[in-house]
Amino acid sequence: MKNRAIVIMKKFAFVVLFVMFIAISHMMRFAGGMEIGKNFRVFFMEMILILPLMFILIGLFEVWVPRERIIRHLGAEAGHWGTLWVILLAMLQVGPLYAAFPVAALLWRKGCSVRNIFIYLGAFTALKIPMLTFEVGFLGWKFSLLRALFSFPVFIVIGFLLAADLKDRQFEVKEPV
Amino acid sequence: MIVLALATAILLLLSFIADRGKTLAGLKKGAKMFLNILPALLSVLILVSVFLYVFPAQVLTEWLGRGTGWAGIASAAFLGSISLIPGFIAFPLGAILVRSGVSYQVVAVFITTLMMVGILTLPLEAKYFGWKVGILRNALSFAGALLVGLLMGIFL
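Protein chains in written order, with our numbering: chain A, 1 to 177; chain B, 1 to 156.
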C-alpha cells in the first residue's frame, strides 16, 4: 500500500510542482506564471468536461460490445464497410486529439484492424462534425469543403501505409499504466 | 458537448437498467483508464499552457502575417505542427489572418498542420502507440497536411 502511494506521488510530481509554481506566482504577483496558470485552467476545463464522459462511454463499450462483433465489422477482414464505420465514429466525436487515443486503444483491444485504427485517428483530426461547423462559420464553406475533400484520401493513404509498415512487426496499442 | 453529455447520460441509464453489475464494472474500468492517463495528460496540458504563454495568439498572428511565399508557408507549417490550439481559438485566428490579407495558402497550411500534426501531444501518443509509430504517424500526417494546405491554396 505504501509503495503504491509512492508510485502515485511520483506520477503526479510534475503536476504538483507546476501547481506550486502557479500558487507562488500568484503570491509574488508574477505575471508570467499567472498567465500560464490562466492558460492551464482553460485547457484543464476543456479536458475535464469531455474526457470523463469519453471514459464512461469507453467503459460501457468495453462491457457491452463483444469482441467478435468488432472483429467482424472493423477487423482486418472487414473491408470497406469497416473503414466507413470508423470514419463515421470519428466524425461524431468532440475534443482534442488526445481524446482519440484511448478510443483507439479500446478499438484495438476489441480487434479492430491496424489500418482502421489509423484511419480513425486521421478522420478524427480532420473531419469531426462539431469542429467542421465551427470552421464553416469562420472560414466559409469553400475552405472547409476543400479541406475535407483533400484530407480524406490523405488519411486513408496514411492508414494503408502504416498498416503495411507494421504488418510484420509486433505492433500493439498499449493501455498506459 | 451537450449532445455528448446527454448521450452519455441516456446510455448510462439504459445500461444501468439492463445490467447493474456490468455497468459498474464498465464504469470502474473507464475510471481506471482515466486515472492511469491523467498524470501524462496533465503534463501535456502544462506544456501547452507554457507554449501558449511563449507564443500567444497575437504573436502567432504577427508571424504568420509577416511571412510571404515559401517562408510564410514554412512558418505556418512549423507553427501549426507544434501548436495545440483548440478550434475555438484557431478558426477565428484564421479568419482574422485572411481578412488582414494573409494568403489562403498560408492560413490553410496552418490550419491543416494544426489539426493533423501534434508534436506537443507526442509524449501522450507514444504511451499508446510507442515512440516510433507516433513519430512516423506525425511525419506522414505532416506531409499530408502540407499537401492538403498547398492544394487548397490553388483552389481558394
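What the hints contain is simulated information worked out from the structure, not anything from laboratory work. Among the hints, a few may not be true.
[What the hints assert, rightly or not] Here are some of the chain B residues that sit facing chain A, going by a computed Cβ distance under 8 Å: (1) Ala31; (2) Ala40; (3) Leu42; (4) Leu52; (5) Gly65; (6) Thr68; (7) Trp70; (8) Phe91; (9) Gly118; (10) Ile119; (11) Asn138.
[What the hints assert, rightly or not] Counterexamples of contact, computed for chain B against chain A with all Cβ distances above 10 Å: (12) Thr8; (13) Leu11; (14) Ile17; (15) Ala25; (16) Leu45; (17) Thr61; (18) Glu62; (19) Arg66; (20) Gly69; (21) Ala74; (22) Phe78; (23) Ser100; (24) Tyr104; (25) Leu124; (26) Ser141; (27) Ala145.
[Unchecked claim] Dumping the calculated DSS-like pairs for lysine-lysine here, alpha-carbon to alpha-carbon at most 25 Å: (28) A/Lys11 with A/Lys110; (29) B/Lys32 with A/Lys167; (30) A/Lys11 with B/Lys127; (31) B/Lys132 with A/Lys174; (32) A/Lys38 with B/Lys29; (33) B/Lys127 with B/Lys29.
Note that the Cβ used here is the ideal one computed from N, Cα and C, for glycine as well.
### Query
Would the stated hint for B/Ala40 survive a check requiring a Cβ distance to chain A of less than 8 Å?
Since chain A brings a Cβ to about 6 Å from B/Ala40, closer than 8 Å, the hint holds.
### Distance rule for B/Ala74, whose beta carbon must clear each one in chain A by more than 10 Å
holds (20 Å)
### Distance rule for B/Ser100, whose beta carbon must clear each one in chain A by more than 10 Å
The claim stands: B/Ser100 keeps its Cβ more than 10 Å from every Cβ of chain A (closest is about 14 Å).
### Task
Decide if the proposed pair is consistent with the structure: A/Lys11 and B/Lys127, CA atoms, cutoff 25 Å inclusive.
holds (14 Å)
#### Entry: Claimed clearance of chain A by B/Arg66, with the beta carbon kept past 10 Å
holds (21 Å)
### Message
Check the hint pairing B/Lys127 with B/Lys29 against an upper bound of 25 Å on the C-alpha distance.
### Response
holds (18 Å)
### B/Ile119 as an interface hint toward chain A, with CB separation required under 8 Å
Status violated, d = 11 Å.
### Task
Decide if the proposed pair is consistent with the structure: A/Lys38 and B/Lys29, CA atoms, cutoff 25 Å inclusive.
violated (32 Å)
### Query
In terms of Cβ atoms, is chain A entirely out of 10 Å range of B/Phe78?
Since the minimum Cβ distance to chain A is about 18 Å, B/Phe78 lies beyond 10 Å and the statement holds.
### Task
Check the non-interface label on B/Ala145: least C-beta distance to chain A beyond 10 Å or not.
violated (8 Å)
### Task
Compute the least Cβ-Cβ separation between B/Ser141 and chain A, then decide whether it is above 10 Å.
Violated: least Cβ distance 6 Å, not greater than 10 Å.
#### Entry: Separation of B/Glu62 from chain A, once the least beta-carbon distance is taken, above 10 Å
holds (18 Å)
Comparing the model with each earlier hint shows violations of hints 5, 6, 7, 10, 11, 12, 13, 15, 16, 24, 25, 26, 27, 28, 29 and 32; every other hint is respected.
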